Amino acid sequence: MSEFRLPDVGEGLESAEIVEWLVAEGDRVERDQPLVEILTDKSQTQLPSPQSGVIQRLGFAVGDIAEVGQVIVEFGSAGDSVATPTPAAASSPSPPPPPAPTRVGRRPKASPVVRRRAIEAGIDLSTVSGTGPGGRITMADLDAALAPGPPEEPPALEPPPVSTALVSAPPVQTAPVRSAELGWLDRGTHPLRGIRRVTAETMARSWQIPHIHGNDEADATELLDARRRMRERDPHGAASLTPLAFFVLAVANGLRRFPVLNASIDTDNGTITVHQNINIGIAVASDAGLSVPVIRNADQRSLFNLADEIGRLTQAVRDRSIVASDLQGGTATITNYGSLGGRFATPIIKAPEVLIVGFGAIKPRPFVVDGELAARPTLPISIAVDHRLIDGDVMTAFQEFVIEQLSDPVSLLAR
Numbered sequence: 126m127s128e129f130r131l132p133d134v135g136e137g138l139e140s141a142e143i144v145e146w147l148v149a150e151g152d153r154v155e156r157d158q159p160l161v162e163i164l165t166d167k168s169q170t171q172l173p174s175p176q177s178g179v180i181q182r183l184g185f186a187v188g189d190i191a192e193v194g195q196v197i198v199e200f201g202s203a204g205d206s207v208a209t210p211t212p213a214a215a216s217s218p219s220p221p222p223p224p225a226p227t228r229v230g231r232r233p234k235a236s237p238v239v240r241r242r243a244i245e246a247g248i249d250l251s252t253v254s255g256t257g258p259g260g261r262i263t264m265a266d267l268d269a270a271l272a273p274g275p276p277e278e279p280p281a282l283e284p285p286p287v288s289t290a291l292v293s294a295p296p297v298q299t300a301p302v303r304s305a306e307l308g309w310l311d312r313g314t315h316p317l318r319g320i321r322r323v324t325a326e327t328m329a330r331s332w333q334i335p336h337i338h339g340n341d342e343a344d345a346t347e348l349l350d351a352r353r354r355m356r357e358r359d360p361h362g363a364a365s366l367t368p369l370a371f372f373v374l375a376v377a378n379g380l381r382r383f384p385v386l387n388a389s390i391d392t393d394n395g396t397i398t399v400h401q402n403i404n405i406g407i408a409v410a411s412d413a414g415l416s417v418p419v420i421r422n423a424d425q426r427s428l429f430n431l432a433d434e435i436g437r438l439t440q441a442v443r444d445r446s447i448v449a450s451d452l453q454g455g456t457a458t459i460t461n462y463g464s465l466g467g468r469f470a471t472p473i474i475k476a477p478e479v480l481i482v483g484f485g486a487i488k489p490r491p492f493v494v495d496g497e498l499a500a501r502p503t504l505p506i507s508i509a510v511d512h513r514l515i516d517g518d519v520m521t522a523f524q525e526f527v528i529e530q531l532s533d534p535v536s537l538l539a540r
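Per my numbering, the very first residue in the sequence shown carries number 126; after that it's consecutive.
Don't read these hints as lab results, they were simulated from the structure.
If you're wondering where the values come from, they're calculated on a predicted model, not measured in any experiment.
The beta-carbon is built from N, C-alpha and C at its ideal position, and this holds for glycine as well.
A couple of the hints might just be wrong.
[Unchecked claim] Taking CB as the label site, the calculated pair distances span:
{"hint": "1", "residue 1": "Q176", "residue 2": "T252", "range": "54 to 64 Å"}
{"hint": "2", "residue 1": "D444", "residue 2": "M328", "range": "48 to 58 Å"}
{"hint": "3", "residue 1": "E139", "residue 2": "T521", "range": "32 to 42 Å"}
{"hint": "4", "residue 1": "R468", "residue 2": "V519", "range": "22 to 32 Å"}
{"hint": "5", "residue 1": "L310", "residue 2": "S177", "range": "32 to 42 Å"}
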């Protein structure tokens, strides 16, 4: 018998929460086969099996916290057999067994949110084919299972096939589509687990920061026009060039202009660290909760490169292939809550950073242009800074700089 102990999958990791077992006791597994999904303070990831063999014991239940070095799995030898039911006597005919799409002891792979929606919709997850990593069932798989089939009659009235480009979700959307699951939680008492537990602990620490906030709006007319023209000239990258790429570039330029905002403060040791690199985190919502992957060296990237990186990180969060290194090292954060239709907000700084910038929905609003009131597409911007290091004059100057950049794409791209 051999043991598999919780490894240190990230710098300074002390413990991890067991989110989901991907195997059951008695299962035969191969080397590098995913065993368990864990959640640390930095990321949610799967641990592969270090060997081939038979699972003799799972050391923790879902929701338990395991410390680094503790035994989480005990293996038997590869030659050990899995117990099977004793066959019935030949003279005693037995009824045919019910259909069993999955092995006994192996649940279909799906997040709690997906499972809850399947129960509400009356769907047996064992009948759904998962397209996520390792066959995991995603919300999109459920949507496909719930989608009504094409009408059988009258055939002449059937609509022509719709282009995939028109019905597929944008690859770089950083907030979930509105759905019945948004804000839903069954009545009763629930354990504080998973990303929600990590978020709760992080926000409790961040709430100790003395925030000051600033709200303003930018005229987005030229921004939207520049984006339209760029997409027309580069159809290949059209889907990926969202306003968020412009937001990241403007904030990166602002951090280069005001480096004190690209910093962290340590009051325990009495130090201020101004970071060499500009690494911008983007808040991404998924069915598991909120994550903040990091775009490294954002100020050194082109607009289209930023768009590609936003798409890569967003998809990695959604399909849970994100790695710990993509969630570490941020120096400032952007939250694009406007994708849900919001205007202004009071975002909370992600400690130990000193800046978070929120962007609202671009919509036509009254705006004064050359002394005249006009309807213009405006972009609401909400900023929060750590008042222990940043004063209101610096915050306001930074906000005005970002507004200027986004109002004039030529200055944004000229750097």
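Status of each hint after checking the structure:
no.: 1; hint: Q176 to T252: 54 to 64 Å; result: violated (33 Å)
no.: 2; hint: D444 to M328: 48 to 58 Å; result: violated (25 Å)
no.: 3; hint: E139 to T521: 32 to 42 Å; result: holds (40 Å)
no.: 4; hint: R468 to V519: 22 to 32 Å; result: holds (24 Å)
no.: 5; hint: L310 to S177: 32 to 42 Å; result: holds (40 Å)
Violated hints, in rising order: 1 and 2; the structure is consistent with all others.
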